[in-house]
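Participant: Add chain B to chain A, keeping to what the hints say.
For the record, the sequence lines run as chains A and B.
By the working numbering, the letter at position 141 of the first sequence is numbered 141, and the numbering carries on one by one without gaps.
If you want the working numbering, it's the 1-based position in the second sequence plus 1000.
Among these hints, one or two may not hold up.
[To be verified] Lysine to aspartate or glutamate pairs mimicking EDC-like chemistry, simulated, CA-CA at most 16 angstroms apart:
1. A:Lys117 x A:Asp187
2. A:Lys162 x B:Glu1143
3. A:Lys3 x A:Asp45
4. A:Lys193 x A:Asp235
5. A:Lys162 x A:Glu108
6. B:Lys1227 x A:Asp235
7. A:Lys114 x A:Asp191
8. A:Lys162 x A:Glu194
9. A:Lys193 x A:Glu146
10. A:Lys3 x A:Glu108
11. A:Lys193 x A:Glu213
12. B:Lys1242 x A:Glu140
13. A:Lys195 x A:Glu108
14. A:Lys162 x B:Asp1022
15. A:Lys143 x A:Glu213
16. B:Lys1227 x A:Asp164
17. A:Lys193 x B:Glu1143
18. A:Lys209 x B:Glu1143
19. A:Lys110 x A:Asp164
20. A:Lys3 x A:Asp20
21. A:Lys195 x B:Asp1127
22. A:Lys195 x A:Asp164
23. B:Lys1242 x A:Asp219
24. A:Lys3 x A:Glu24
25. A:Lys3 x A:Glu27
26. A:Lys53 x A:Glu146
27. A:Lys111 x A:Glu140
[Claimed, not checked] For each label pair, taking beta carbons as the anchor points, the in silico distance ranges come out as:
28. A:Pro94 x B:Ser1145: 24 to 32 angstroms
29. A:Ile243 x B:Arg1137: 35 to 43 angstroms
30. B:Phe1096 x A:Phe244: 41 to 49 angstroms
Hint data in this document are derived by calculation from the structure and do not stem from the laboratory.
All C-beta atoms, glycine included, are put in the ideal place defined by N, C-alpha and C.
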Amino acid sequence: MPKATFRIWRGERGDGAWVDFETEVSEGMVVLDAVHDIQAEQAADLAVRWNCKAGKCGSCSAEINGMPRLMCMTRLDTLPLDEPVTIEPMKAFPHVRDLVTDVSWNYEVKKRIKPFKPRPPDAADGTWRMAQEDVERVQEFRKCIECFLCQDVCHVLRDHHKHDSFIGPRFLVHTAGLEMHPLDTEDRLADLKEKQGIGYCNITKCCTKVCPEHITITDNAIIPLKERVVDEFYDPIAKLFRIFRPKKTE
Amino acid sequence: MTTNGDFRLPQTRGFGETARRDRWWVQPTVVFLALSAFIVYATFRALENGYHHYEGGGAQYLSPFYSPLLFDVPGDPSGHAWFGDKPSWWPALIPFFPAFFILWGPGGMRFTCYYYRGAYYKAFWADPPNCAVGEPRKGYRGERSFPLIMQNIHRYFFYPACAFIAVLAWDGFVATRFTGADGSTHFGVGLGTIIICMNAILLGGYTFGCHCMRHLIGGRLNALAGKPIQRACYDCVSALNKRHMLWAWSSLVWVGFTDFYIRMCASGAWTDWRIF
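Extracted from the complex, chain B is given alone in its bound form:
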């Protein structure tokens, strides 16, 4: 028999201390790197203020990072802007980045999402770094007080997120409309069409499977018997919610890829593959 130190209970372990034998640090590290990469790329694209729409071969593709496009980027008419050019009243001293008008919506939805909260509390705050692993801080206030009590605002990001899904679905439809040489529009499908439609589907799966939607659609009630439509909706949302993490990551990666694809096409580096 041998002895190896001692401790008291309940004990508090130091940062990263654990008896776990598995590679517990892999998951938070991957989350940290993936979310950081996305934030850096999205910020870069919003600040880049260009390459967000593509008209090659008659296509009408719009990047989801800029959709809905409220105002065109100065000097870059796209045909997608809801209100046309940059408003004349816009102060000259404030830089004009149309992406920032809308990125607060999906950004806020994801920042306050229950899945992402659990993921980034671990990856960015180490609170805890992973299950049964020691933390760097002794104090803890959780989501009971400011600032994290603000996470309860989640549903107020969810409502506009639903509208964003409708807009992105419309973008998918528009991506099936190609302009011919004579100026008329006709149905067509390019690789970009599929990418943009897939983006709307994945974001829809993420948004409509969120815990907030599940609560609002029926989870808030204790009895759904006798309400077959509401029951069906609740079951449907619950089915999406079971894979919420998968929807969250696949939609995040795909929305970034969609923007990247359109950027590469718009910059001339790639040519959209027209399927028919």
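Isolated chain A (complex conformation):
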């Protein structure tokens, strides 16, 4: 079987080095298969987070040849194997060991977003009525598997480390899913502008490019939220119209 070289970044808490491993590759293999082979045959202590091997758990996020990708969904036949394949941990989060990073910041961010707050039930039995066509819009956002590749590639977090003032594309998608829900009555626009830093997004669309679930993050979530923030805070005519329009019903 042919062999390929995998250049894996190894180390602990930010200290480490590139290490080259050569292993056999065969048809149908993905990067995670190669990493597992290396782990089984050459480096039993190689730390790598993984779970489903099917692109649904979002655990095996890494940077392959410089681009954030899921290791389990990156087929080797899509990579040039005549030169070493680089595999690095994500850059936007604190390093733990080898390919594993500490993504717990994301869970803390999620707690700070105002939760779903539905209007009172439509029927006496405590249920609601809504049209399928209205729910479909937010269904796209529910495909997110929380792999955090979008957070990793976002230069606001990756290069500028604005973790304190910007929630990142993943949680803008989460907020969009709540804010655009036909039953929701909560107002998150002030938080988006002030605390969650939607203005930091400069629409590079990198988050959309790396999303393994193909969520149209920028066009369907972030820009519509930006437009709602414009309505609320930057558009004097919209402000005027709002005086005569009732707010979201509770």
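Facilitator: Frame of chain A; chain B shown alone:
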């Protein structure tokens, strides 16, 4: 096993540093060159103050760079000016360029457009140069503070842009009206007619598919059920919006080509091909 240096996380890479193997620099370079070329050409044409209308063979073509033509260029009556000649109150010390009266509209629309923002932040500011590529600056304020907070003015360029589309569509209609030898006008189609009409269509596709339009037409609402017309409009705009980048570039190239075609015809270098 071999080792190749080390780094700490989270790390900040230097300008252009990346582990990407693809030609990531091609896209921002092409955008930089294309937008720069357009800006230089449009500025040249606005300053040229001529060759913006063509009457050969009875045609009534007007360059989109000069449309709507509020006042004629001094000494060059076109028959397209809304208010006739240069106003008498115009200060003699200030040069008179009719194109600048209107170019702020489409220029502002494109400058604040969500697609172009993402494109020129990469191509002109390297912020970032491309995805997962190191940046030249450490500080970052985004669109939260001045000057980029002004990008939120986008919809105020969108409103006049809609009016510009109506004017350009009218120009397309006028381009189907040819003046005969006896002074009467009749229907006709020249190559210029097709180019001018195509220009209005492409600019319409770009303008009416913009994110701002999508928001205003229905995206601002959480429920469109029971509003079939608004739903249809929203779906239509969303369909255009999916190809917004394509509309943006095709309309930009075509508006430049339309002006170029009319310029070449008006200068006598080319003759408009009359189809019927």
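Participant: Against each hint, give a clear statement of whether it holds in the structure.
Facilitator: Here is what the structure says about each hint:
1. A:Lys117 x A:Asp187: Answer holds: Lys117 of chain A to Asp187 of chain A is near 9 angstroms, not above 16 angstroms.
2. A:Lys162 x B:Glu1143: This hinted pair holds, its Cα atoms lying about 14 angstroms apart.
3. A:Lys3 x A:Asp45: It is violated: about 22 angstroms lies between the C-alpha atoms, which goes past 16 angstroms.
4. A:Lys193 x A:Asp235: Satisfied, since the Cα-Cα distance of roughly 14 angstroms is no more than 16 angstroms.
5. A:Lys162 x A:Glu108: Roughly 15 angstroms separates the two Cα atoms, so the pair holds.
6. B:Lys1227 x A:Asp235: Distance of about 25 angstroms is beyond 16 angstroms: violated.
7. A:Lys114 x A:Asp191: holds, 9 angstroms
8. A:Lys162 x A:Glu194: holds, 13 angstroms
9. A:Lys193 x A:Glu146: violated, 23 angstroms
10. A:Lys3 x A:Glu108: violated, 42 angstroms
11. A:Lys193 x A:Glu213: Roughly 27 angstroms separates the two Cα atoms, so the pair is violated.
12. B:Lys1242 x A:Glu140: Status holds; Cα separation ~15 angstroms.
13. A:Lys195 x A:Glu108: holds, 14 angstroms
14. A:Lys162 x B:Asp1022: Roughly 28 angstroms separates the two Cα atoms, so the pair is violated.
15. A:Lys143 x A:Glu213: holds, 6 angstroms
16. B:Lys1227 x A:Asp164: violated, 41 angstroms
17. A:Lys193 x B:Glu1143: holds, 11 angstroms
18. A:Lys209 x B:Glu1143: violated, 21 angstroms
19. A:Lys110 x A:Asp164: holds, 13 angstroms
20. A:Lys3 x A:Asp20: Given that 16 angstroms is the threshold and the Cα spacing comes to 13 angstroms, the pair holds.
21. A:Lys195 x B:Asp1127: violated, 22 angstroms
22. A:Lys195 x A:Asp164: holds, 9 angstroms
23. B:Lys1242 x A:Asp219: Distance ~8 angstroms between Lys1242 of chain B and Asp219 of chain A Cα, so the pair holds.
24. A:Lys3 x A:Glu24: The hint holds at about 4 angstroms.
25. A:Lys3 x A:Glu27: holds, 12 angstroms
26. A:Lys53 x A:Glu146: holds, 15 angstroms
27. A:Lys111 x A:Glu140: It is violated: about 21 angstroms lies between the C-alpha atoms, which goes past 16 angstroms.
28. A:Pro94 x B:Ser1145: 24 to 32 angstroms: The hint (24 to 32 angstroms, Cβ to Cβ) holds, given that Pro94 of chain A and Ser1145 of chain B are roughly 28 angstroms apart.
29. A:Ile243 x B:Arg1137: 35 to 43 angstroms: Holds: the Cβ-Cβ distance is about 42 angstroms, inside 35 to 43 angstroms.
30. B:Phe1096 x A:Phe244: 41 to 49 angstroms: For Phe244 of chain A against Phe1096 of chain B, whose Cβ atoms are near 44 angstroms apart, the range 41 to 49 angstroms holds.
Hint compliance for this structure: hints 3, 6, 9, 10, 11, 14, 16, 18, 21 and 27 are not met, and every other hint is.
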